[in-house]
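Listed in order, the protein sequences are those of chains V and Y.
Residue 1 is where the first sequence starts when you use the working numbering, and the numbers rise one by one after that.
Residue 422 is where the second sequence starts when you use the working numbering, and the numbers rise one by one after that.
Honestly, I wouldn't trust all of these hints.
As the list claims (entries may be wrong) - With a cut-off of at most 30 angstroms between alpha-carbon atoms, the simulated DSS-like pairs for lysine-lysine come out as follows:
hint: 1; chain 1: Y; residue 1: Lys623; chain 2: Y; residue 2: Lys586
hint: 2; chain 1: Y; residue 1: Lys574; chain 2: V; residue 2: Lys213
hint: 3; chain 1: Y; residue 1: Lys560; chain 2: Y; residue 2: Lys586
hint: 4; chain 1: Y; residue 1: Lys456; chain 2: V; residue 2: Lys213
hint: 5; chain 1: Y; residue 1: Lys574; chain 2: V; residue 2: Lys335
hint: 6; chain 1: Y; residue 1: Lys574; chain 2: Y; residue 2: Lys560
hint: 7; chain 1: V; residue 1: Lys335; chain 2: Y; residue 2: Lys592
hint: 8; chain 1: Y; residue 1: Lys485; chain 2: V; residue 2: Lys394
hint: 9; chain 1: V; residue 1: Lys273; chain 2: Y; residue 2: Lys502
hint: 10; chain 1: V; residue 1: Lys394; chain 2: Y; residue 2: Lys502
hint: 11; chain 1: V; residue 1: Lys273; chain 2: Y; residue 2: Lys574
hint: 12; chain 1: Y; residue 1: Lys502; chain 2: V; residue 2: Lys213
Claimed, not checked - Heads up, incomplete: computed chain Y residues facing chain V, CB under 7 angstroms, no partners named:
hint: 13; residue: Thr474
hint: 14; residue: Leu589
hint: 15; residue: His610
hint: 16; residue: Leu613
hint: 17; residue: Thr634
hint: 18; residue: Thr635
hint: 19; residue: Tyr637
Said to hold, decoys possible - Residues from chain Y shown here face chain V by an in silico Cβ test under 10 angstroms; the list is partial:
hint: 20; residue: Lys522
hint: 21; residue: Val556
hint: 22; residue: Pro557
hint: 23; residue: Arg559
hint: 24; residue: Tyr603
Hints listed in this document are in silico derivations from the structure and should not be mistaken for laboratory results.
Even glycine gets a Cβ: it sits at the ideal position worked out from N, Cα and C.
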Amino acid sequence: MKLLHKTALYLLIAAFPIALAGVFLLNYYIHREVLHEIDELLLSELILVKDQLRQHPPASTDLHSWDHNLQLALVTTPVSDRLAFRDSTTLDFREHEQVAVRMLRTGYTVGNRHFVITLQQSYLEFDEIASALSIGVIVCFLVVVALLLLADVIVSRQIWQPFYAIIRQLQQYRVDGPEETVFPVSNVDEFRLLSQSLDEMSHRTRHQYAQQKQFTDNASHEMQTPLSVLSFELDLLQQSDHLDEADLERIQRSQQSIKRLSAMNQSLLLLAKIDNHQFTHSESVDIGQVVNQVLDNYMDYITHNGITFNRMIKEGVCRPMNRQLAEVLFANLIKNAVRHGSPNSSIFVQVGLTSFIITNEGDPLPFPQEQLFQRFVRNQALPQSTGLGLALVKEIASQYGMRVEYDYTGAMRRHMFQVDF
Amino acid sequence: MKILLIEDEPSLLVAMRHYLEGEKYTVSTANSYHKASEKVHDYDYDCIVVDITLPDGNGLSVVKELKEAHSQAGIIIVSAKNSLDDKLTGLELGADDYLTKPFHLPELNARIRSLMRRRQHEGEMQLTFGAITIVPARKQVLVNHEPVEMTVKEYELLLFLTTNKGRLLSKSVIVEHVWGDYMDGIDSHDFLYTHMRNLRRKLLDAGSPDYITTRYGAGYIFSETNETTA
Chain V
1 MKLLHKTALY LLIAAFPIAL AGVFLLNYYI HREVLHEIDE LLLSELILVK
51 DQLRQHPPAS TDLHSWDHNL QLALVTTPVS DRLAFRDSTT LDFREHEQVA
101 VRMLRTGYTV GNRHFVITLQ QSYLEFDEIA SALSIGVIVC FLVVVALLLL
151 ADVIVSRQIW QPFYAIIRQL QQYRVDGPEE TVFPVSNVDE FRLLSQSLDE
201 MSHRTRHQYA QQKQFTDNAS HEMQTPLSVL SFELDLLQQS DHLDEADLER
251 IQRSQQSIKR LSAMNQSLLL LAKIDNHQFT HSESVDIGQV VNQVLDNYMD
301 YITHNGITFN RMIKEGVCRP MNRQLAEVLF ANLIKNAVRH GSPNSSIFVQ
351 VGLTSFIITN EGDPLPFPQE QLFQRFVRNQ ALPQSTGLGL ALVKEIASQY
401 GMRVEYDYTG AMRRHMFQVD F
Chain Y
422 MKILLIEDEP SLLVAMRHYL EGEKYTVSTA NSYHKASEKV HDYDYDCIVV
472 DITLPDGNGL SVVKELKEAH SQAGIIIVSA KNSLDDKLTG LELGADDYLT
522 KPFHLPELNA RIRSLMRRRQ HEGEMQLTFG AITIVPARKQ VLVNHEPVEM
572 TVKEYELLLF LTTNKGRLLS KSVIVEHVWG DYMDGIDSHD FLYTHMRNLR
622 RKLLDAGSPD YITTRYGAGY IFSETNETTA
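Work out the full structure: start from the sequences and follow the hints.
This is the structure:
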């Protein structure tokens, strides 16, 4: 729900109880005013009646009223001239129903004659006017509120325009985009501030990202170049005719160390790049296809070792991933199984709709299971291992919100890796 | 065959030059973008090996310039970054191949040879080494003019050995060339030995002398002049 609509809704919800309370308050207030007016009316009438009585005192027989709103009665003892107002009902002659009236009763003495004066005034019209008025006012109030809200919605839509423009810009924001994102400028202070802050933030982030990227690139270059020099020199040295077998073996071992150092460097850089979210390009990757390709690459090798692949691979299961990372993820798990699989056993590989499973036969882990995915934890029996392959697997999987699980069944002597994607 | 090496690291330049001159190429070098740019404008080369990272520019710009000048030279990009982006950009710009540092000199030689074969309309080309003839276009091997059945990998093994003939090739270099990066960190000694044994047996059975010498602890050498009888 939009902020705009939510505000409008809450205002409407608040307006109803206010209106309801308003009806009662207004009604009460008008009622009080009307009462006051009626009382004044009765009092002024009383003065007239008293004048009449004083100037033309009527005979006792002549006391029936001239007017049904006025009743005069002769009494023998004097009645207090206290003004007694009260509400009552009387039968309306025209409509033959009980109507509310206001009554004023008081005593009056002219000479030695004592009168009781009772005056009454029907509320009739006043009451109806009061109700009509209060309802009318409240309806007006509600209409005004509704109109104001409508105006507010229209105005707000206009005012929030820059805000939405900023949001649209943010949605398109890429830290590695070719151009610096410029957030729209608004003449509203708050939005201008927001725009400025975002501009600064994006500038800073881009700068940091570029620096980090440059660092990893440079580190790669700076490390790989001396390694290349070493490797080339050994390539040339190896061609010499004056070397004996031991010398050649030393060269081989040096070459292997260079290779391992280089692989480690590449893996660490890859880990750093993943940490920095430098792999922003993603495409729909067919996991079954990737897995099949990697497996095919190992066919010669496993055949030589008497290992068989038992494939249950569903092609066409696609996930949005960076292709390079997807290949590293599955290739590392497969290489792991190929490298550690016992000769003359089988490696089971399954790609289903939501998971990848690979199992291989082999000895239990030489280190605690919790350390399996940690960096530089490796089987010392394999000198060529960098101890980074499974760390990369874990890192890539978590980058894409995938879960990697490991299990070992002692009875079957089987390692099992599962990736839920 | 004229080759231009563009690389800013002097020791790399010297080593590459040394190895490639041993392969009978005419090698020129340039250690900066500026010099490289001058050389590619002034001379024609058959193959250019260019490092992407140069002190005064990007090696990819050299590729761009070559393509704009409709150069016929084959281009191999060398980079210290194992970056898919650079690779794709380079290949899109018209480079023919991509090598990631560190690589081995026999591998560089094999890439150059392969590129040159593709450039020179390999259809008619036959590579002869003593009794062995290789027809790259058909991926076929003839011994004494008779075809020998080989697997793809055996063919690639033989081609790599003959490309670097007379050179001692270590096992890991051979495995990496034929089977690729996947075999990194996998113990492949027995594995390569088996494939090599099969290849040698096929050649010997077809009547070829044994041109392949094993150097224990090191690797293999292919040489027509260094015949040994098995």
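So, going through the hints one by one against the coordinates:
Between Y:Lys623 and Y:Lys586 the CA atoms are separated by roughly 19 angstroms; this keeps the pair inside 30 angstroms, and the hint holds. The hinted pair formed by Y:Lys574 and V:Lys213 fails the criterion: a straight-line CA distance of about 39 angstroms is larger than 30 angstroms. Distance hint between Y:Lys560 and Y:Lys586 is fulfilled; the C-alpha atoms sit about 18 angstroms from each other, no more than 30 angstroms. Restraint check for Y:Lys456 and V:Lys213: satisfied, since their Cα atoms lie roughly 28 angstroms apart, inside the 30 angstroms limit.
For the given pair, Y:Lys574 sits about 20 angstroms from V:Lys335 by alpha-carbon distance, which is consistent with the 30 angstroms threshold. Taken as a hint, the Y:Lys574 and Y:Lys560 pair is honoured in the structure, with Cα atoms around 11 angstroms apart against an allowance of 30 angstroms. In summary, the hint linking V:Lys335 to Y:Lys592 is supported, as the alpha carbons are separated by about 19 angstroms, within the 30 angstroms threshold. Restraint check for Y:Lys485 and V:Lys394: the C-alpha separation of about 39 angstroms exceeds 30 angstroms, so the hint is violated.
The straight-line distance between the Cα atoms of V:Lys273 and Y:Lys502 is roughly 12 angstroms, inside the 30 angstroms bound, and the hint therefore holds. With a C-alpha separation of about 23 angstroms, the suggested pair V:Lys394 and Y:Lys502 falls inside the 30 angstroms cut-off, and the hint holds. Pair hint V:Lys273 plus Y:Lys574 does not hold up; C-alpha atoms about 35 angstroms apart against a cutoff of 30 angstroms. Between Y:Lys502 and V:Lys213 the alpha-carbon distance is near 12 angstroms, which keeps this suggested pair within the 30 angstroms criterion.
With a cut of 7 angstroms, the hint placing Y:Thr474 at the interface with chain V holds, because the nearest CB-to-CB distance is about 5 angstroms. Hint status for Y:Leu589 relative to chain V: holds, with the closest Cβ pair at about 5 angstroms, below 7 angstroms. Interface restraint check: Y:His610 against chain V, minimum CB-CB distance 10 angstroms, threshold 7 angstroms, status violated. For Y:Leu613, the suggested interface contact is broken, since its CB lies about 9 angstroms from the closest CB of chain V, more than 7 angstroms.
At its closest, the beta carbon of Y:Thr634 sits 13 angstroms from a beta carbon of chain V; the interface hint therefore is violated under the 7 angstroms criterion. Interface restraint check: Y:Thr635 against chain V, minimum CB-CB distance 11 angstroms, threshold 7 angstroms, status violated. Hint on Y:Tyr637 holds. Least Cβ distance to chain V is approximately 6 angstroms, under the 7 angstroms limit. Interface restraint check: Y:Lys522 against chain V, minimum CB-CB distance 4 angstroms, threshold 10 angstroms, status holds.
Because the beta carbon of Y:Val556 sits about 23 angstroms from the nearest beta carbon in chain V, more than 10 angstroms, this interface hint is broken. Against a cut-off of 10 angstroms between C-beta atoms, the interface hint on Y:Pro557 is violated, since the closest Cβ of chain V lies about 22 angstroms away. The beta carbon of Y:Arg559 is not positioned within 10 angstroms of any beta carbon in chain V (closest approach about 22 angstroms), and the interface hint is therefore violated. The beta carbon of Y:Tyr603 is positioned within 10 angstroms of a beta carbon in chain V (closest approach about 4 angstroms), and the interface hint is therefore held.
Comparing the model with each earlier hint shows violations of hints 2, 8, 11, 15, 16, 17, 18, 21, 22, 23; every other hint is respected.
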